[in-house]
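Each protein sequence line maps, in turn, to chains C and U. If you're matching positions, the first sequence starts at 1 in our numbering and goes up one per residue. If you're matching positions, the second sequence starts at 672 in our numbering and goes up one per residue.
Because the hints were derived from the structure by calculation, they are not lab data. Don't take every hint at face value.
Said to hold, decoys possible - Cβ pair distances, simulated, as ranges:
| hint | chain 1 | residue 1 | chain 2 | residue 2 | range |
| --- | --- | --- | --- | --- | --- |
| 1 | C | 522 | U | 742 | 39 to 45 Å |
| 2 | C | 11 | U | 743 | 50 to 56 Å |
| 3 | U | 743 | C | 24 | 25 to 31 Å |
| 4 | C | 290 | U | 933 | 56 to 62 Å |
| 5 | U | 874 | C | 493 | 52 to 58 Å |
| 6 | U | 981 | C | 294 | 34 to 40 Å |
| 7 | C | 299 | U | 983 | 25 to 31 Å |
| 8 | C | 499 | U | 874 | 33 to 39 Å |
As the list claims (entries may be wrong) - Taking lysine-lysine and the PhoX-like style, the derived pairs with C-alpha atoms no more than 25 Å apart in a straight line are:
| hint | chain 1 | residue 1 | chain 2 | residue 2 |
| --- | --- | --- | --- | --- |
| 9 | U | 773 | C | 486 |
| 10 | U | 808 | C | 18 |
| 11 | U | 699 | C | 16 |
| 12 | C | 577 | U | 699 |
| 13 | U | 846 | C | 577 |
| 14 | U | 736 | C | 663 |
| 15 | C | 572 | U | 846 |
| 16 | C | 18 | C | 577 |
| 17 | U | 846 | U | 808 |
| 18 | U | 773 | C | 558 |
| 19 | C | 577 | C | 663 |
| 20 | C | 247 | C | 433 |
| 21 | C | 464 | C | 486 |
| 22 | C | 577 | U | 807 |
| 23 | U | 846 | C | 491 |
| 24 | U | 846 | C | 663 |
| 25 | C | 577 | U | 773 |
| 26 | C | 18 | U | 807 |
| 27 | U | 736 | C | 16 |
| 28 | C | 450 | C | 433 |
All C-beta atoms in this analysis are idealised placements derived from N, C-alpha and C, irrespective of residue type, glycine included.
One-letter residues, chain by chain:
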Amino acid sequence: MTDTSPTQMPAGPVIKGKLSRDDVLMRGGMIVIALYLIVTLVMPLYVMFSKSLSTYTFQLSQYEFQVSDEDGTFDGTILNAADLNAQVQAYEPSDLNAGSDGRLAVTPLFPEFSFRSPVRYQLRNTVADGRFLVGSTLTEGTEWVELDSNTFRRVQLRPVQARGIDNFVNYFSTPALSNSIKNSLMIAVFSTIVTVALAFGFAYALNRTCMRFKGAFRLIAMMPILVPSLLPGIALVYLFGNQGMLKELLFGASIYGPIGIVVGSVFFTFPHAFLIISTALAISDARLYEAATTLRASPWRTFWTVTIPGARYGLISAAFVVFNLVITDFGLPKVIGGQFNVLAVDIYKQVIGQQNFEMGAVVSVVLVVPAIFAFAIDRLVQSKQVASLSARSVPYQPSPNKNVDRAFFGYCTLIAVFIVGILAVCQFAALIKFWPYDLSLSLKNYQFNKMDGGGWTAYYNSIKLGLLTAVIGTAVVFFGAYLVEKSGGFKTGRAIFQMFAMLPMAIPGMVLGLAYIFFFNNPDNPLNGIYGTMAILVICTVTHFYTVSHLTAVTALKQMDGEFESVSASLKQPTMKLFTRVTVPVCMPSILDISIYLFVNAMTTVSAVVFLYSPTTALASIAVLNMDDAGDIAPAAAMGMMIFYTNAGARIIHMILSRGVLKRTQAWRAR
Amino acid sequence: MNEVTAASPAYLNIENLWKAFGDFHALKDVSLDIGEGEFVCFLGPSGCGKTTLLRAIAGLDLQTKGRVMQAGRDVSNLPPSERDFGIVFQSYALFPNLTIEKNIAFGLENTGRKKPEIDARVSELLEMVGLEEQRKKYPAQLSGGQQQRIALARAIATNPGLLLLDEPLSALDAKVRVFLRHEIKELQRKLGVTTIMVTHDQEEALSMADRIVVINHGRIDQVGTPTEIYRHPATLFVAGFIGDMNQITAKVTDSDNVSFGGAETHCATHAFAPGHDVIVAIRPEDIIPYDAADGVPDADRNTLDVLVTEMEFLGSFWRCRLEHERFGDAELIANMSMNAVRRLDVTEGKRIVVELPKDRVMVFDAAEG
């Protein structure tokens, strides 16, 4: 055949596909959800970062005064505030740095000032955008304002905003602040090493030995997920605190500080590490062990050459997840950190304690760096783990070995005692009258309405938040994941969406919460109305836990045949029909998993919402924090255990529901 | 069946299709006309662009350049939902949570059909594919071949003008595959629906297609009936891809002769200039064995005195490896019938005479390979 066809594609326009109604619908939906993420995540973070670069200083040189004699006559002498301060040394240079709300009185510049004197004063801004307050009236412009002495004492200067890295310079040159970086890293590294080591042993026992009661151990290992991270702190106070039952075991060391934080962190991060490592160990290939045996490798050698390399991605991933959880955690160091400062608590102290929002933003930026770093490495490792197991792999079946099984049983029992013990101490503390003087049982610690923190309303608010987050969050996340996974073309849009969806994982809760204050509490923001309502708590929580939910949904959707949409389109059926009749039912197990994940986290989260609740929307987890803060430790423990039981109940309902749904919609799975 | 060619009014016109993935061109200036009711196979090795072409026809992945006309309508840039076709994928893509009947009814809903009408159509289709008793079952409860037939029934439920089959049989066992080949072909003939099937299996293409489109590196190498493709491959690629082929490098002597190994061989008439480097090719089954005792055939014929070095029994015939000094290190492979082997008493190590029939000796440009 003579080849006459051209070898180069002719120039000219590329064919542009006409969009079907479904395409338009799906792209529209994707844009709506992307906008949601922009408004609830990207914009608040942007505002926060720019806040960290905002500095406020009092520019004394921008104000001028005239002082009259006792008769009220001005002689025309104009005094500059900067010169006055240079004479009388009323303010140190550091006094002139301020927050956005800073106010500076002017009377200290006039040593002979008395509010009873008949002397009159005039003042003005020398620049057009200068500002000062007379009482609560803001005065701008360069006109002279004349005031009597009594009014003059109510004059306050307002700071001038500028951009720069002064806040960061200030932060790093204040050891009291920047020490927290070292502290946070130290705590995170220690907790990571201990948790990963302990969790590996536990996961190994469950996957690779013939130990008994594996089901019970697995259940116990997952319990800490159901409580706020600060609950182990309360238990540790009871055990090792100033009046602790086991205080002597510390040989004089204090539980308030790094020891307490590490022990508590091990408790609340254990299930996360255990789950990841357990998955890695569960998928190993028995053929490698058979090969090792035929090569007469010792068990020790097999462990280091087969087991550890096989689980290495799991171990690395677990390490970075734990590191991230610990370094961003706020509740636990707040309860048991004592004088030991860490970054997450610093944000809280700066914002709530000192009302220094700019410095809070600076600490947030500092905290985001290691969090993003840990997150990025974890993602990198996870992407490498794919396909480590081929379809031909043979699952490993452990064989009984009395001594080994007994040793691991002992080990797991110790861990289980630790976990159950922490919870039991909390429950015990909640039920006794007055530790340690009156150990009789009572329910008085459950009379939450008699304490600060929001009372039972807080508890019901939490349930409401949990349910709303579960329902709305699951809908948004799953629909968003579907659109991004299954719509054709529109590559850039989808890539940007994916990026937005991954971002929340890297943003610590404290940072997100603070960013929300900056963004939503701004009166100029049209969404300002949701500030202080349940809506902002729901939005914040959905966004905070978006990534894991999104990944769960994406994994489920990836297992669906990629040609369903093509078939449906060829049959001229709307994609939404396919979505409701096939996609959602087939993915129902994952959808339920996402909702229980969101519910449990909404019940236990403290970090993001601590900045956002209002008196009417107090939450149970916040109540635990506040009651503990107020010294009502027993009621705090009681409320913490209420969260535990609620979450346990929710999990049971979730299990029953899952089974029912599986039976009804997944009948096809049975052969 | 072979009469359905571009001569009858074309149902589908593909004009100068290009598909670019960055710098890589998966389709290069592909043009093709397909007649109404025709069964066409796109055949080629994996990665040749045949599935890309099918997906462009369906509108699932639009071509970069070029035009697709279906039934006189320009569908080049239309989304799949605005075209008129049914499709069966290699994975079948049956909805796992819907019963067989619901799967088939999926495309019949929202089309203005009433419920009894849909039920009747579903029953009709189930009967057509012979799976009426399975209607309440879920896809996972059926065998691969049954699932395949359900996917087919679903694709034709709405009577589309065009049926697209993307490697529909490659996930099945060899036995089921042969059975379904026949069944699909029957169904297609009965419905008269224009059908395009993508396959990499030459046997499938040869046995089912009215016309085969051989695609290589994004270009159409040859379009023709199965016998045309097999007997008169247009390129060396087609010759080698479909069926077995002995290949020897040679030089052109004149329009009817080539030379290799120091002697001349008659060949089918060709257009290459004398001295041109070519590849001569002959199929193993075209080589005819002779009994030397019968006397040497006509001097004008290509006869060779060869040594049988190895014989392989393949059930219905023997595959023999033949040696001759003109081939150098290469061997000639000949398929000989049981009969011939018995009659001529061919055994390993024996010398026999074979003929390479002149009109079966094909000549291709060596530069192509």
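Lying within 56 to 62 Å: is that true of the beta-carbon distance residue 290/C to residue 933/U? This hint holds: roughly 59 Å between Cβ atoms.
Need the status of pair residue 846/U, residue 577/C: alpha-carbon distance at most 25 Å? Violated: residue 846/U and residue 577/C sit about 37 Å apart, past 25 Å.
Need the status of pair residue 18/C, residue 807/U: alpha-carbon distance at most 25 Å? violated (38 Å)
Does 25 to 31 Å hold as the CB distance between residue 743/U and residue 24/C, or does it fail? Between residue 743/U and residue 24/C, where Cβ atoms are some 27 Å apart, the hint holds.
Quick one: are residue 499/C and residue 874/U within 33 to 39 Å, going by C-beta? Once the Cβ atoms are compared, 48 Å apart, the range 33 to 39 Å for residue 874/U and residue 499/C is violated.
Decide if the proposed pair is consistent with the structure: residue 736/U and residue 663/C, CA atoms, cutoff 25 Å inclusive. violated (49 Å)
With the threshold set at 25 Å, check whether the alpha-carbon distance from residue 773/U to residue 486/C stays at or below it. Within the cut-off at roughly 22 Å; holds.
Under the criterion that the straight-line Cα-Cα distance not exceed 25 Å, is the pair residue 577/C, residue 807/U satisfied? holds (21 Å)
50 to 56 Å was suggested as the range; check whether the CB atoms of residue 11/C and residue 743/U agree with it. Hint violated: Cβ distance 28 Å, outside 50 to 56 Å.
Is 25 to 31 Å right for how far apart the beta carbons of residue 299/C and residue 983/U are? Violated, at about 50 Å.
Does the Cβ distance between residue 874/U and residue 493/C fall inside 52 to 58 Å? The hinted range 52 to 58 Å is violated for residue 874/U and residue 493/C, with Cβ atoms some 44 Å apart.
Hinted pair residue 464/C and residue 486/C, Cα distance within 25 Å: violated (32 Å)
Taken one by one, the earlier hints fail for this structure at numbers 1, 2, 5, 7, 8, 10, 12, 13, 14, 15, 21, 23, 24 and 26, listed in ascending order.
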